[in-house]
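Make one complex out of these two single chains by using the hints.
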Amino acid sequence: MVSSETAPAAGQRAKGLAPFLRSQMRNIAPFLTLIFLSAFFAFASPSFATIDNLGNILTQVSVTGIIAVGLTFVILCAEIDLSIASIANVTGIAVAYFTLQESYVNIPNIPLPGVAAILLALLLCAALGLVNALGLTVIGIPSFIMTLAMMQIAAGISALLVRGQIAYKVPGLISTLGSGSIGGIPWIVIVAAIMLLGGHLVLTYTRFGRYVYMVGGNREAAEYSGLNVKLILGAVMVISAVCSGIGGMLGVAHFGSAQQNEFDTYLLDSIAAVVVGGTSLFGGRGGIGNTIVGLFVLGVLNNGLDHVNIDSFLKILIRGVILLAALIINVYAQRLREKAAE
Amino acid sequence: MPEGQQPVLELQGITKSFGGVEALRGVDFALLPGEIHGLVGENGAGKSTLMKIIAGVHTEFSGRFLIDGHETHFRSARDAHAAGIAMVHQELSVAPDLTVAENVFLGNQPTNRLGLVQWRRMAREAGEQLSRFGIDVDPMSRLGDLPIGLQQLIEIARVLFSGARIVILDEPTSALSPPEVERLFATLRRLREQGTAIVFISHFIEDILRVSDTVTVFRNGRKVAETASAATSKGALIEAMIGRGGEALEHSYSDDLMLPRPSDSSVVLKVDQLSLARSLNDVSFEARAGEVLGIYGFMGCGQQELSRILFGKLKPDAGRLAVDGKPKTFASTAAARRAGVALVPESRRAMLFHQEPVYKNISISILDRISSLLLKPTQERDIAQRQVEQLQIRPPVVGLDLGMLSGGNQQKVALAKWLTYPPKLLVLCEPTRGMDVGAKNDVINIVRDLRAKGLAIIVLSTEPETVLSLADRILVLKRGAVVREFKNEPVSKDRLLEAA
Ligand SMILES: Nc1ncnc2c1ncn2[C@@H]1O[C@H](COP(=O)(O)OP(=O)(O)OP(=O)(O)O)[C@@H](O)[C@H]1O
Ligand SMILES: [Mg+2]
Chain A
74 MVSSETAPAA GQRAKGLAPF LRSQMRNIAP FLTLIFLSAF FAFASPSFAT IDNLGNILTQ
134 VSVTGIIAVG LTFVILCAEI DLSIASIANV TGIAVAYFTL QESYVNIPNI PLPGVAAILL
194 ALLLCAALGL VNALGLTVIG IPSFIMTLAM MQIAAGISAL LVRGQIAYKV PGLISTLGSG
254 SIGGIPWIVI VAAIMLLGGH LVLTYTRFGR YVYMVGGNRE AAEYSGLNVK LILGAVMVIS
314 AVCSGIGGML GVAHFGSAQQ NEFDTYLLDS IAAVVVGGTS LFGGRGGIGN TIVGLFVLGV
374 LNNGLDHVNI DSFLKILIRG VILLAALIIN VYAQRLREKA AE
Chain B
3 MPEGQQPVLE LQGITKSFGG VEALRGVDFA LLPGEIHGLV GENGAGKSTL MKIIAGVHTE
63 FSGRFLIDGH ETHFRSARDA HAAGIAMVHQ ELSVAPDLTV AENVFLGNQP TNRLGLVQWR
123 RMAREAGEQL SRFGIDVDPM SRLGDLPIGL QQLIEIARVL FSGARIVILD EPTSALSPPE
183 VERLFATLRR LREQGTAIVF ISHFIEDILR VSDTVTVFRN GRKVAETASA ATSKGALIEA
243 MIGRGGEALE HSYSDDLMLP RPSDSSVVLK VDQLSLARSL NDVSFEARAG EVLGIYGFMG
303 CGQQELSRIL FGKLKPDAGR LAVDGKPKTF ASTAAARRAG VALVPESRRA MLFHQEPVYK
363 NISISILDRI SSLLLKPTQE RDIAQRQVEQ LQIRPPVVGL DLGMLSGGNQ QKVALAKWLT
423 YPPKLLVLCE PTRGMDVGAK NDVINIVRDL RAKGLAIIVL STEPETVLSL ADRILVLKRG
483 AVVREFKNEP VSKDRLLEAA
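Which chain is which? The protein sequence lines are A and B, in order. For what it's worth, this note's numbering labels the leading residue of the first sequence as 74, then goes sequentially. For what it's worth, this note's numbering labels the leading residue of the second sequence as 3, then goes sequentially.
So that you can see chain B by itself, here it is in the shape it has in the complex (with noise of 0.2 angstroms):
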């Protein structure tokens, strides 16, 4: 850290607990205008935890806390704001049901002298303002019509160009795809440039070492280093987090890895020419018993459409499915999860009871197995704790309501859901998104797992990482058409991009 500048943000001995659990223990942390700040962390670490105070969400908690060196206490998210203080949340945050341009000014319409909100200049700046971030959409199409990364990047647009003086952003890349990341960070380094100061989380190492000045790591509540990112590797960043060696949990995937010969087991599931308006266009595969079919491809290619379809939440305009060469059309999901599939989507939000305890949340989708009439309890919570100690969700106390818990614990109690029952087809999309390294390892075990049990598994992702740590097969899918199929032949990060 530079010497003698004054920290725009300070915090000493910050304290915080939910109920009995302490989320973070004595927290000293600076912030120095013009400056990249990392932080990482295991999965319920602290991170969002610290950053919701600095934003002004917690309110109560312990420590000093310090703007331009004067003693502080923000009584709600107004007051940070209004301290020049914005973030972006880790769970998508955006005004589903306005329009885009509303949702890039939420809160600040340009308003006439008669605070009528003036639409045509709101729409014209707000398409400005995207564009300069290179997102080309029309600002008045509604937000929850659009894909999620796009919703992403309009909300990351929104907090970086609202003109705050500290920019906070909690794991913003994780649904975005290599373009956009590299979009992003020259905006960070734009602003940087301004003075603006920059607090970034997110679970890809690489990324925080290459745009960060500065990287915290974070354990257990504590934080347990702080150095520059130039004199740090990735491996030292790894083993500050989990407090062993870990450079055998990540692989870089820079290599060529060789896709093992392609299997001639039972096929599950058969997709046969399948087109949805705009977002499909003659898509054709199959996926096999034991086999892990990887479908990569950037944000937008329809990815998301199509495991939307295979679940029965969409319809395609034309094509057929088979499910064990059965033809289906599937009326609705319970109709699917009756032929033996199931999805776990890319939003946490769409998949889980924020007020429910995570017992519930596991035992929802397989009820009709446990009980006919009336609810077993004790079963449910039974089958509940199997799933929390194989997982290792942290805290692992089933009773608990759901919106208590980490954003990478609920992406694995996403999962557990499925895992009581194994279906035939399993798709998972972005199945690792915001877990850490540890986690993401046993997301690989489990999806191992199960295919040695015999389950047809699609993994859809916009990281390539991803596909590469679990597929057995890839396909690429660019703007709703397979482009090319990667198998029994050796395929990298960079031959991936390449076909994307």
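If we strip away everything but chain A, and leave its shape as in the complex, we get (with noise of 0.2 angstroms):
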């Protein structure tokens, strides 16, 4: 009797794998296309696989992964936010622009202490997300849409800002962590590599990160257990700008120069780095772990096309096709996850 017992409670436990597996498929799925990437680029260019070139890719993925923290809070509540790299640009563009210039840039600019250029700058792109999130919340207008125009509206002061010029010069802070580096680390990598690890305590040990998940899993529960869902969503509109502004700040640095459409392709980057590291466009699953697999694999993927032969035109249709096929099993990982828990 105690055999027969036991035999199909083994049996069970072994098949309790597949489900156990098929239910982790959205974080596993992101790991396998990355050592699958790597491998295939390592095989295929001998510069591939070296330190060097890791730093390399370190310091491509640094201001795409500042914003990404941002925007994995977002989309984690199951909104978007599609004003990132406007935000970036225009905060990068206002910090120089309270920066004293070279006498040849010609704008007509207003320069001040440095600390007060990263306030003001800073401060700006609070206000934005700010906006972003009264729109969202007060008056209801849906954050695709909201974020849509306050993509204009960003790209607009940058313009008026600007004015067509390039501008060159950032406050020293900003300069050293944007283009310094220390010990051969450059502090870019550094700076990003903090702003993941406090997105992620964020999001894991505190409250908050709590209440996100929560509003992300099942909005109207969320409401009805108390929670004050507008106040939680409008914070993650504030914290997505204010990272884009950081991002955008030290990228200016980085560059060297602060120009209208300068961070154009970190919106699609960011937010196929999000979800191409498995953060569920639903809401509710994922984090800044997976966050920083999609931002790897995008790092190699753009690395490593630069590193293999192949026309410069067909790489952008291989990276769009890499893509699509993330975001397919970003989708189909949401199924197979409702599938196991059957």
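Just so you know, the hints here were simulated from the structure itself, not pulled from any lab data. Check the hints yourself; a few may be wrong.
Here are the simulated DSS-like cross-link-like pairs (lysine-lysine), alpha carbons at most 30 angstroms apart as the crow flies [to be verified]:
(1) K330(B) with K315(B)
(2) K378(B) with K303(A)
(3) K303(A) with K455(B)
Laid out in structure tokens, this is it:
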């Protein structure tokens, strides 16, 4: 009798592995993608798998990483922020605008001490985030539309500030963090790592982080639990804008110039990093860990394609196809999880 | 069971487990054409699991599965549908963003030769079907805007008129009021005449005895009894369900019950001339500390809206609220919670996080009491564990995802959320819906405990039994207005029904 009782139980446990793996698909798939891509490029190009190149990749994904921290909060709440790149751009331009430029730069700007310039720039991005937040929560404009409008507004402010010109100088602190390094490690990588770590800690260990997941998991239930859903949604929009702003300031320092449309590719890259990493577009699932994997997938892909010999116009298409594949996995992971829960 | 007839459906030795937990152990089940087969059992006994196997939702199990005597294995719900099996799930599974008509025809909309949906025809036919069932709604309105009971009726109607030869109803009456239940039963009997086989799950044992031909009792994943309904009684069924004498657990409330003298303790909630377009009309009442106020009425009488207003989810058009004598206008549910109001809505889906573990579901509404900045997971789990034990939630594992609990156990979690730091005013909508007799009794005891602690409690229900078993004072709501107050006087099921 005993043996007939235990036998099926053991069989159950063996069968239990498949559902477990299926339910973890969201975390496993991006990781496998990363390993596969790395192996492929290492095989295809001898210059890919080197310490130097790893440093390159890290530096290349830093700005995206900083922006993606805030975006992860937003997507976890099942919202979206399309104004991240524009806000990064306008904040980078603003910090330069308040810095004394060389005489040949023909912008009617307002030079201030470095600290003031940084604070004003931060204030600007926080304010823009607040406008997003109010539009979303008080007026009730869907975030997709609200931030689409904000994308234009921020681009408009950028245009007014630089008037088609290019500014070069930023405050010393920003310049160091954006383009300096310490002990061979670029400061910008350190800042990105600290912000990612901070985001992870907030999401995992704080009450606010729990609220973010719960609001994303079931907004109605969050409301019936007496959470202030609007406050939480508003907060993530502001967090997103501030992260974008920091990414923008450091980015400007990193590129060595501040100009219109400088960050355009960062919108797609940041969204891709978050989603490719496996954070659910439907909210409530995923996190900074996923975003980090997503950043690496993207970084390896962008960097690796430069190491192999293919038509550079084809690269754009390849990137698109790989991103599409990752998105498909993201949506399927959701379904598989639901199936595994059965 | 009549002899010599070929069952339309036969299950033999069905065993199904989730992870390590066996939900069904060697169950045999047969269904005859033209039979209404009642299914009863405690929360978590395995009723829904067996039905989901029949409906092709769960496809991994062991045992034999025969349709018309032929061994079959469904790979999906679609296969089951093609074999003529339709099911109303315990959890409402309508599409709230689609219209009523689209929901009625979900999956087989009438199309013209080009494959385009024929909207006008669909609306007309949906309207006809629903009115045959006594439902009068605009087929083009958005389903999610209707009260939950009506949504449930529409889902039932969809399944009943889908032409299936095996119809499964998993607790279909939980959100319905007596007149709708009567209409449902009449329809079921008509379908039986036409040879449809029907499975009917309910925790209302009288209903089961009244409408079904055969009753099967489940306990702990096993079938423990199967008898003709005519040959059994409520007491015997309850005993088979819980494995001990059960008469004491359930009153019939057909006799008069004496309500106590109204309490003169302090007024916790004062509602003054509350109105809301088309739902509530000049509603005024008070709820006192240490008193359970029952609000009874048929589906759509405005209960749902009233409860939402009390919790700050809806804003009234006119009228005033005061908590502890202080006037309040709740800008959000968070404001209501801070003022000491708590709500358990009638829909579990609206209240719970299915993908999150039980303990997070329980702690969510008290997190700010136990942690200011950082979470305290151990403390959270401890608190949840205490509630799980107190409410006897099964399985008693706080780390399990909520979606893995049976319907009745989920309902208990929804209540557990508010019990660690009891509010001043607890508003309960249909608190015992979907619970078995034992669990209902537990809830009754918990509510009495809370009352003794001095909470003001409002119980809103469309089931007379729920209100009668809990309330000290009863208001009857009819088309958004208070039409009768019962206090310090005899009251019974019939008197309540009459007033509504
Ligand atoms: N998806 C799932 N994953 C894990 N366990 C499950 C799942 N669904 C059901 N169970 C477990 O199987 C058992 C039977 O559940 P089932 O839903 O069949 O009960 P039920 O008889 O319908 O109860 P109720 O009256 O509360 O609806 C319970 O212990 C439940 O926790
Ligand atoms: Mg069930």
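Going through the hints against the structure:
The straight-line distance between the Cα atoms of K330(B) and K315(B) is roughly 13 angstroms, inside the 30 angstroms bound, and the hint therefore holds. For the proposed pair K378(B) and K303(A), the alpha carbon gap of about 24 angstroms is at most 30 angstroms, so the pair holds. Taking the CA atoms of K303(A) and K455(B), the gap is near 33 angstroms; set against the 30 angstroms cutoff, the hint is violated.
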